[in-house]
Amino acid sequence: MKELIFPVSKADIETLKVGETIQISGKILCGRDAVLPRVVDLYKKDQLEKEGIDLKGSLIFHTAVSVAGIGPTSSNKKEIEDNIAVLSEAGVKMHLGKGALKKETVEALNEHNSVYAVIPPVTALLDSKIKNVRCVAFNELGMEALYELEVDKFPAVIAAAQGKSIYEND
Amino acid sequence: MIEREIIINKVADALVKAGSVFSSDKFEAYNKAIDNEESELSKWSMTCIKENAETAEQRKSPLCDDTGIPHLILEVGKNRAVSGELLDAIYAGVSQGLKKLPGRPMAIKGDDWKRVDQSLGLYEESEAVLPAPLQLKYVEDENRLSLTVLMQGGGPEIRAKTYRVFHRHSKETVLDEIVSWADEVVGQLGCTPCTIAVGIGRSHYEASALMLQAMADGNYSIQSKEEKYITEQVNKTGVGSLGLKGKCSVLGTFIKVGPQRASGVRIVCMRPCCCFEPRKYTVNL
Numbered sequence: 001m002k003e004l005i006f007p008v009s010k011a012d013i014e015t016l017k018v019g020e021t022i023q024i025s026g027k028i029l030c031g032r033d034a035v036l037p038r039v040v041d042l043y044k045k046d047q048l049e050k051e052g053i054d055l056k057g058s059l060i061f062h063t064a065v066s067v068a069g070i071g072p073t074s075s076n077k078k079e080i081e082d083n084i085a086v087l088s089e090a091g092v093k094m095h096l097g098k099g100a101l102k103k104e105t106v107e108a109l110n111e112h113n114s115v116y117a118v119i120p121p122v123t124a125l126l127d128s129k130i131k132n133v134r135c136v137a138f139n140e141l142g143m144e145a146l147y148e149l150e151v152d153k154f155p156a157v158i159a160a161a162q163g164k165s166i167y168e169n170d
Numbered sequence: 001m002i003e004r005e006i007i008i009n010k011v012a013d014a015l016v017k018a019g020s021v022f023s024s025d026k027f028e029a030y031n032k033a034i035d036n037e038e039s040e041l042s043k044w045s046m047t048c049i050k051e052n053a054e055t056a057e058q059r060k061s062p063l064c065d066d067t068g069i070p071h072l073i074l075e076v077g078k079n080r081a082v083s084g085e086l087l088d089a090i091y092a093g094v095s096q097g098l099k100k101l102p103g104r105p106m107a108i109k110g111d112d113w114k115r116v117d118q119s120l121g122l123y124e125e126s127e128a129v130l131p132a133p134l135q136l137k138y139v140e141d142e143n144r145l146s147l148t149v150l151m152q153g154g155g156p157e158i159r160a161k162t163y164r165v166f167h168r169h170s171k172e173t174v175l176d177e178i179v180s181w182a183d184e185v186v187g188q189l190g191c192t193p194c195t196i197a198v199g200i201g202r203s204h205y206e207a208s209a210l211m212l213q214a215m216a217d218g219n220y221s222i223q224s225k226e227e228k229y230i231t232e233q234v235n236k237t238g239v240g241s242l243g244l245k246g247k248c249s250v251l252g253t254f255i256k257v258g259p260q261r262a263s264g265v266r267i268v269c270m271r272p273c274c275c276f277e278p279r280k281y282t283v284n285l
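First to last, the protein sequences are chains B and F.
Residues in the first sequence are numbered from 1 upward in steps of one, following our numbering.
Residues in the second sequence are numbered from 1 upward in steps of one, following our numbering.
Hint data in this document are derived by calculation from the structure and do not stem from the laboratory.
Keep in mind that this is a model prediction, so the values were computed, not measured.
Every residue, glycine too, gets a C-beta built ideally from N, C-alpha and C.
Just so you know, nobody snuck in bad clues.
Distance windows between CB atoms, simulated: (1) F:Pro259 x B:Gln23: 48 to 56 Å; (2) F:Asn284 x B:Lys153: 38 to 46 Å; (3) B:Gly163 x F:Ser170: 42 to 50 Å.
Pairs of lysine-lysine residues, derived as DSSO-like cross-links and limited to a Cα-Cα distance of at most 27 Å, are as follows: (4) B:Lys10 x B:Lys56; (5) F:Lys50 x B:Lys2; (6) F:Lys10 x F:Lys60; (7) F:Lys114 x B:Lys78; (8) F:Lys17 x B:Lys129; (9) B:Lys10 x B:Lys50; (10) B:Lys77 x F:Lys161.
Go ahead and model the full structure; you've got the sequences and the hints to work with.
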């Protein structure tokens, strides 16, 4: 099983195939409905660096971060899925969550050399694999702020890559 | 007089168990589903879910980070009394349980419309999450006084549906309508295999209450012909665990049918519960 240590390079991502199981390690970002539109807004205003956000080669896990732990929310929620294309353009190499994405989102991922992976909602298991937690931006959003986690071997499956999706009908 | 501290501790403990422990019939249902599954990815996902449940029980920590909104069913026999004092202790127990689990701090600040648009942000305390209105049920067991705590996650609430069904004097019409509702949403849920909970009543309120009761009473090892029918039909979608395709999209179905109205209409509430639900625990008070 391939282990990816984030941040990653373009080369790390371009060989990934739909249905491949991977392990995710390194520093990853966490954000969902409330914060992702704000991150996109910063990107469009060229203010990411000013806010201490680096998206190059990054992974964004669609989750809240709280005392209850972490776990994927549905990536096809409007405020998450609608921002996947722009975030990929900004440098995000992997979007991690759950649920099927639209065809146009899968195409946008491919256009920007980014992929989508899904992770089982295994909060108790994931908790034992988190080494560090840091709030990066928008602290006022509480559990919905943008966080950086240092993690060790999160289990995941590549669900969309190279224009293909695991959710397509055979 | 009630022993306030004893009630508080019992309720808090029940809430923690509801949020962190799989019932034995649920473990059994997962074992069977994993054995029968042909898709390697779906099998892998269900094995992760089972291992997560074992870890959560061991650590007394949440099964899922969406720890859910506490829903309470209080069952009372005729020899027992429900006082304001008892209800106060139950609510204090819920608050203590949320602190202990810990529950996700997801209570919204502000007055009515500020809570709707979420513009004032969230409370930092887990215990700021208030339980849904308590359901009180009179039961035949004269000496019974028990509380069931259910922790209801957000994903299934997005996909649940309460609506009227014109039954045409046919049970099959109602069952097939439930299957069509479930077929539509099971793939969107993400956290599959799910459990389909159904309440059939005379009003939307009653159907929802019956659906909650179905979650509280349901057992994967005891499935009626109608429950098996829904499970088998929805499994034909091939959604699989985590939507990765496979034979098991639904672990089981729990149905509760209440009194019915002399009418061509039945009110049906269908909730596709996530892979951890029903998260429930019953305690005698």
